[in-house]
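Chemist: Here is what each chain is made of, one letter per residue.
Protein chains: 2
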Amino acid sequence: MNLPGFLDVSTVSIIVAVIALVYAVGLIINVLMQDTGSQKMRDIAKSIQEGASAYLNRQSFTILVFAVLIFLLLAYVIPKGAHNNGLLLAVGFFVGALFSALAGYIGMSVSVRANVRTAQASSHSLKKGLMVAFRGGAVTGLSVVGLALLGVAGFYAIFTKLLGVPAGETPNLLIGFGFGASLVSLFARVGGGIFTKAADVGADLVGKIEKGIPEDDPRNPAVIADNVGDNVGDCAGMGADLFETYAVTLIAAMILAASALTDTLGTSGIEYPLALGSIAVLASIAGTWFVRLGKNKKNIMMALYRGMIVTGVLSAIGFYFVTDSMIGDINIFYAAVVGLVVTLFINVITEYYTSTAYKPVRKIAKSSETGAGTNIISGLAVGLESTFLPVILIVTAIIVAYFFGEASVAQSGIYGIAIAAVAMLSTTGLVIATDSYGPITDNAGGIAEMANLPEKVRKNTDALDAVGNTTKAVTKGYAIGSAALAALVLFQAYTEELTKATDKEFIFSLSDYRVIVGLFIGGLLPFIFASSLMESVGKAAHKIVVEVRRQFKDIKGIMTGKAKPEYGKCVDIVTKAALKEMIFPGILAVTTPILVGVFLGPIVLGGLLVGVIIVGFLMAISMSTGGGAWDNAKKYIEDGNYGGKGSDAHKAAVVGDTVGDPYKDTAGPALNALIKVINTISLIIAPLIAGLVIWS
Amino acid sequence: MNLPGFLDVSTVSIIVAVIALVYAVGLIINVLMQDTGSQKMRDIAKSIQEGASAYLNRQSFTILVFAVLIFLLLAYVIPKGAHNNGLLLAVGFFVGALFSALAGYIGMSVSVRANVRTAQASSHSLKKGLMVAFRGGAVTGLSVVGLALLGVAGFYAIFTKLLGVPAGETPNLLIGFGFGASLVSLFARVGGGIFTKAADVGADLVGKIEKGIPEDDPRNPAVIADNVGDNVGDCAGMGADLFETYAVTLIAAMILAASALTDTLGTSGIEYPLALGSIAVLASIAGTWFVRLGKNKKNIMMALYRGMIVTGVLSAIGFYFVTDSMIGDINIFYAAVVGLVVTLFINVITEYYTSTAYKPVRKIAKSSETGAGTNIISGLAVGLESTFLPVILIVTAIIVAYFFGEASVAQSGIYGIAIAAVAMLSTTGLVIATDSYGPITDNAGGIAEMANLPEKVRKNTDALDAVGNTTKAVTKGYAIGSAALAALVLFQAYTEELTKATDKEFIFSLSDYRVIVGLFIGGLLPFIFASSLMESVGKAAHKIVVEVRRQFKDIKGIMTGKAKPEYGKCVDIVTKAALKEMIFPGILAVTTPILVGVFLGPIVLGGLLVGVIIVGFLMAISMSTGGGAWDNAKKYIEDGNYGGKGSDAHKAAVVGDTVGDPYKDTAGPALNALIKVINTISLIIAPLIAGLVIWS
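Line by line, the protein sequences are chains B and F. All letters in the first sequence, in the order written, are residues 0 to 695 by numbering that gives the first Met the number 0. All letters in the second sequence, in the order written, are residues 0 to 695 by numbering that gives the first Met the number 0.
Quick caveat, the hints were computed from the structure, so don't treat them as lab data. Please read all numbers here as calculations on a predicted model, not as lab measurements. Take the hints with a grain of salt, since some may be wrong.
Since the list gives no way to pick one copy over another, a pair counts as held whenever it fits inside one copy or between any two copies.
Restricting the straight-line Cα-Cα distance to at most 27 Å, the calculated cross-link-like pairs of lysine-lysine (DSSO-like) are [what the hints assert, rightly or not]:
| no. | residue 1 | residue 2 |
| --- | --- | --- |
| 1 | Lys568 | Lys362 |
| 2 | Lys39 | Lys538 |
| 3 | Lys568 | Lys294 |
| 4 | Lys555 | Lys542 |
| 5 | Lys458 | Lys634 |
Let the sequences and hints guide you as you build the complete structure.
Modeler: And the structure:
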């Protein structure tokens, strides 16, 4: 790149990461300067802030207990030879967990402050509302990528420059950072997902169905808990998830380059992913400037698309030059473009399956006419079907990226896949911004409702929120699609790690019954994990139902508006339930690869990794998209179709939406975290179990 | 075995098969001699008979079109060298399809005659009712295993003795017979599954939910269609399915022995599976004698268990001696015992998940208190969770059977798995008998209701039917479990076939991106297939709803019982809908492996095979068991829990049951057929595509 000597790739990446963070601080200041509306609005916002902070603090404490335990294990159990140094791995792990949690905190803290300001801004115009909400979302986006890039590039720089670790051995140490991020993302997704949907479902079951009061009605005792849930689940949970996916994908590509491609690419192959990341971060910042309502003031989706397209195009241009200077092979550039194209198509595909404008959602809406039973059958069918195009897309991406990787100087198809995954995730900053603005507008609508703002305000926030539903679904597809690609790279790294530890080649053949056993167990995990999460939401929602019913009975005057419900009790109940319920899935995810690795050996564990990727991908897409389609089928009916609000079809659609909630916001997205945490753990224990040949 | 010279294994097997068929004829005569009750009962039974025959005839015709096409393709496109002779393959295919259809016809014809006789017998006593129904079921069971054993042993004898094909090359020709059976089972499962659930759901939606009339009420215009559905789906469809699983498992084991084990086992290894089958058929006949109500007249399940246990124990004893004389290695006997033990455990596990006596069903029932939404969430969670124990069971069986196979003279772990699968399926005759008695009692209950028989009769048939729900779920678990084992053997045969055709070793490594692509596509197939079937049931049920509503409106006096509904119209509508809807999934299943094999090559196809086995197994178990649990949760509430019949919890449970219907009786069981048809087709085209190396 003809950089001055002191400006190597990792230093530039660190500078870019700091720019992103500084820019985020600027956005925070901008958001905080906005008008917060009336005292009543501030009071409501404060309740949400307090609930969200209280939950996140307690969740962080729970994670901390796990993290300290794992820190000690890493530092003292990993023998010297493996990964060179257990202590470095442990430190990386801790910082990874810390940064991930920090990204979540920043995002959530801004989110719970942008909500009330968005509500106030929406009382002026849709345009102003979008502006405030999107800026709030952009803070999360830029914090996530800024911290992730800072962490990966920073550790890389520290290891190579301060500690003098050879560049080729550094990426293996970075996996500690990735694992820390994985662990936090797992718990954040699981805990946040259970919180948000238990509160949502519980509030709806009594409020909407039994009492017939609208969503976000201040008379509903669970209404604050519901709004808190949007922040801890959709904002903090999603942020931690993508932080991890972003970081681990970078690291996986670097490990691959370090372990298998130093002959062909040298150090450039290791640092190239950082360069791609840096460019896309700058492009994402530029992209945020283009998110503005155009002449057609209604077309919010187009405003967001404009930002994405600008980011994509700028990234592609930057990728071209950086590839030319670092690798000097157009094939690698093409592999990167594959990643950008996948992002584009995932948008289109997800919109098709979840937008009210197309057949799938309308099919579900129509089937609601004959009752809840047919609505559910139809929604399940759409969810199952919605895996089709994403699989074709990912499979095509694998084939094409592999081809370019193989044809390049790297002579490595899997490096092509790794670069496609890195490129795909490089625009994460902007993707999160468009997603994370969703919970902000959702909250803004809630505040508008609770503070009795004029109809018009709610209409504006509703318009913003409707788009948020689609962007949320898109982001989930994006996260899981990139996770699948990244996980394949991690699997490759796992096999390299085994070989390095034993000097033997490991072959994972489908004719080997141990691989089949592994595939079965790996395929089973998403089933058990998703089942446990669905169950948890059901249990926690049940507790909310009981409490809300109690308050309506015991506190006279809630329904007439004369008495205030005890919001805090509901927040407290979901908090406790979510923290309790996240333990089992967390332990399941962390211990299964270790137990399988130790007792059934490295070959079975390899099969397990691929099994969890394939089945996890299919189920995550099916649940996320299916849930989104159910939600929007309800909205389509509420728009006046098939009898509109209050009709029998609407009642059936509300049931579908209730089922879709844990599908799309708890189980589906958490599978992504499951896939990644299992892969990173396996990579860490690979050198320890490589020698265990339990059966021949 | 020290048999006289002319009595070799295949001859003995043919004799045993004929004994089974003759015994079935005896049972038919016995059933037909029973009292058919009043004229009204006979009339109702006649409507069901006519509807069932009409449907099965038209379904057979549709399949015939496909079959002729495939016959010609096999006979003229398969080049001489591959599989030796395309014409022999084609003839086998045709006979396989014919026998499978025949087994279905026999079973259904007896079933629609045993129903009315069971109703009449139940008016005397529970004991008599059980006797007639079980004998009716045993006809299907013995016809299925008799025809399957006759087909496999018969072709083997013809090839080796009349045509002089060397024993080692014969099994490869048998795959034609297996493929014919697969094709019929696919269409029978799909068409029958759509028919039965469209009629059931459609009848319930208007009858139970809109009009508030009970199940099987003669005023419901779809009531005959519903009863026809029990026969064409649960009886004929299930019979064809297990015919295929039984035959293909035998063939897969024989192919394996022929292609890889002639050095160690000689011809004995090829013929040994036939010997196991013969013994278990005799044991099954003996087992039927022990199905009798004991002192505790209520315990119907125990009566059925007694038959199964006797069959299992007799089979094990027989296996011991036949293994000793043919193989002379106790390890192979142990492998066979693994199969019998798996059958036992599948019973226990399935009962746990689907019986009203245990936690899973009660959890769903409890969650119905808070509405349909939580009922569905809970049911989905139970379905997902119910994969856990079956996976552990199958994985353990794989490991243990592999171990014994490896330790045996065969020195082949996969042969151990093959023998476990054969042993597991050898008792199919009795398993079908206990399953197929379900639709008979279901129908008997319907006839009792429609003919206004005394309360007591209905109570007896209900008692019989409740057990039928569990045995149906058990049979599905049994079929899919054995299919998974058999499919693994087929995959092995596929790789041997490729090697034989090219003289190169084919390795399906998880590090090969083509395998990953195949796994993704294979994993996708069950999702698309199940989605399409759920959708089809929804569509067809919708048509029934419209027609039933029309009849209630247009034909005055239906509700008062003064006018008779036009039952035939409903039967006709479901018939047309089922036949139309079975085309897409049928073509999907048949063409996908061919297209993938030809355009993406044999390695991708190998990955696809394993992908469809893993994901198909998980989804089939989840859907079959989840659906059964939903059904019984409703029954548990109807028994007076959580408010009993007519309560809000009951209404929620009815929604869950409606969703569970296509889950357990259409999509779930059809996945089994999907797995097998894809595996048999791939085995047939293996020699043709082995040379196609599309990508390196």
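Chemist: Decide, hint by hint, whether the structure agrees.
Modeler: Now the hints, each set against the structure:
1. In this homomeric assembly, Lys568 and Lys362 come within 27 Å of each other (Cα to Cα) only across copies, at 26 Å, whereas the closest approach inside a single copy is 40 Å.
2. In this assembly of identical chains, the alpha carbons of Lys39 and Lys538 never lie at most 27 Å apart, being 33 Å within a copy and 50 Å across copies at closest.
3. In this assembly of identical chains, Lys568 and Lys294 lie within 27 Å of each other by CA distance neither inside one copy nor across copies; the values are 46 Å within and 57 Å between.
4. Proximity of Lys555 and Lys542 under a CA criterion of 27 Å is satisfied intra-copy only: 21 Å inside one chain copy versus 49 Å between copies.
5. In this assembly of identical chains, Lys458 and Lys634 lie within 27 Å of each other by CA distance solely inside one copy; the values are 14 Å within and 46 Å between copies.
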